[in-house]
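Listed below, chain by chain, are the residues.
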Amino acid sequence: MSVIDLGGGVSWVHESFPETNGHIHVSVYLIDAPEGAILMDSGSFHHRQRLADRIHDATAGRGIGAIILSHSDYPHSGNIPAFRQDWGDFEIIASCGDPDLQGLPYARRTKIGDVTEVLGRRFVVLDPPLADRNHTTWVYDEASRTLFVADGFGALHAPGASHVDWGRLPEEGRAEGVHEFHAQTLPWLRYADPDRVMGALHAMLEQHPPAWIAPIHGPPIAEPDIPRYMADLKAALTRIAERD
Amino acid sequence: MNEPGSDTETTPAAAPEPAARTGAGWRRDVWPGIHWIQELGGHRAGIARAVLESGADWYRPGNELYVPQNAYLLTGERTLLWDTLSPASGHILLPALEELLGDRPLDYLALSHPDVPHAGNTMQVLRRYPDCQLVAPAVGETHALYHLDDAMKVGPEDEIDLGGLRVRFPEATFLDAAIHTWMSEEATRTLFTVDWMGFPHQSGESLRRTDEIDTVVDVGRLEEFHSRVMFWFQYVYPHKVTAATDALAVQFAGYGLAPAHGLPIPGEDAAPYYELMNEVVRRVAAGGRGGVL
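Protein sequence lines, in the order shown, are assigned to chains H and Y.
Under the numbering used here, think of the first position of the first sequence as 1, with each following residue one higher.
Under the numbering used here, think of the first position of the second sequence as 1, with each following residue one higher.
In short, the hints are calculated from the structure, not lab data.
Any given hint could be a false lead.
[To be verified] Computed spacing ranges between beta-carbons, pair by pair:
#	chain 1	residue 1	chain 2	residue 2	range
1	H	GLY113	Y	GLY163	50 to 58 angstroms
2	H	PRO34	Y	ALA247	54 to 62 angstroms
3	H	PRO227	Y	GLU212	53 to 61 angstroms
4	Y	ARG49	H	HIS163	32 to 40 angstroms
Note that CB positions come from ideal geometry on N, CA and C, so glycine has one too.
Using the sequences and the hints, build the whole thing.
In structure tokens form, the structure reads like this:
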């Protein structure tokens, strides 16, 4: 299977990487826009050729016309130079105070709170409650009601379950996968008040209700499964806060 | 202590030359055996506006305002580079290294974390010094996604003896990425705090330590940086953060502080800064993030 269709012109191009307690997604998303294909993040160099091949197939050889970059962390940005060689100097849309310092001198800068149009499709740029780098942004695609959340809403999964969305992961170990991901990936959560984080997330979901939540480091979460994920996340944040 | 390969003479008691601009960039000796290479980046107009609106008196309108990137070269009998500046400044870093090292090898390149503004010239440095040992934080699980799988991994139990200088790798108390470490140097008693204890400076203050500038580094100045970079202070229990800061103040009492995004703070002046940072956390937790860096 080349890519997994989430509806509304959004496809999940999943890739995973093995860790001690499970596998972690290092995925990207492909968005069909009126003026071309948009890639949400570029994935890791570790998966470069497979990603390039699948994007080539999914776009009937046309490749991508733009990348929206959540942040410049290498597993999210590492394929930009290679993909620009493959598909030309497509537009990069990135949020940061100084694109030069992030190695993206050619990027179009967006800011939190912007509503920006990319290849004819509108996106709202949001302040992420769950992130590692300060310049990270989340993006809400109004047409499909997909919320792209970068390092947020991640979860580890068992080997062999890399192609299913979060709600269809085996129930056994699913909550633990949410905890493991956040404990290892967002180390500042040791200091966090779970109620503050959850409050910010609930407010965002109320303002931008998603049909899908689309993380890079976890399987997509369908609208009916969001309450269960949020309950597991609250439990994970509480457990992390109480440990330290 | 004047280390072989250093072309600027420094003595422990004397203030170093305040600034020395090389033909290709900025660097100076900050403490004996510790050479500071600085990338200023551009003028931060948005932060300058925020500082002016806050009524702060340390910033003079019209001055350029910088949030720098710092790398530090440690030269004992062996040499170690701590971080590499951003990809925009390879033209600063490499000539500075070549001038500081002369014919000496670079023995270690230690990365605090694989963040672009800290690790952006890693490959260039390794190409220039192919026998250099890459050193990376042991903590974390995804080293292969950063080309760090073959690096020498270090953690709180590890020490590298540079001959005259000894570096250790304490846990990064305040951090962003999972793969992350701080570093201390035990001969000079210096703690390299990476993204913590940064603050903006203005024209005329580049490559100067806090004891060499005329303006004050107060809570507001530290808040301008941390309310952006440590945006997550807005979600914390302040008492948990201040407890961790207080523990650092005890563990590293008397150590100078060498941040990646501010000016170095001499050890004899460092103690009050810990309490300033506690107030920063309380303010950000109450008032939210200041923006994006």
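Status of the hints after comparison with the structure:
1. H/GLY113 - Y/GLY163: 50 to 58 angstroms: Taking Cβ atoms as reference, H/GLY113 and Y/GLY163 lie about 53 angstroms apart, which means the hint holds.
2. H/PRO34 - Y/ALA247: 54 to 62 angstroms: This hint holds: roughly 55 angstroms between Cβ atoms.
3. H/PRO227 - Y/GLU212: 53 to 61 angstroms: holds (57 angstroms)
4. Y/ARG49 - H/HIS163: 32 to 40 angstroms: violated (48 angstroms)
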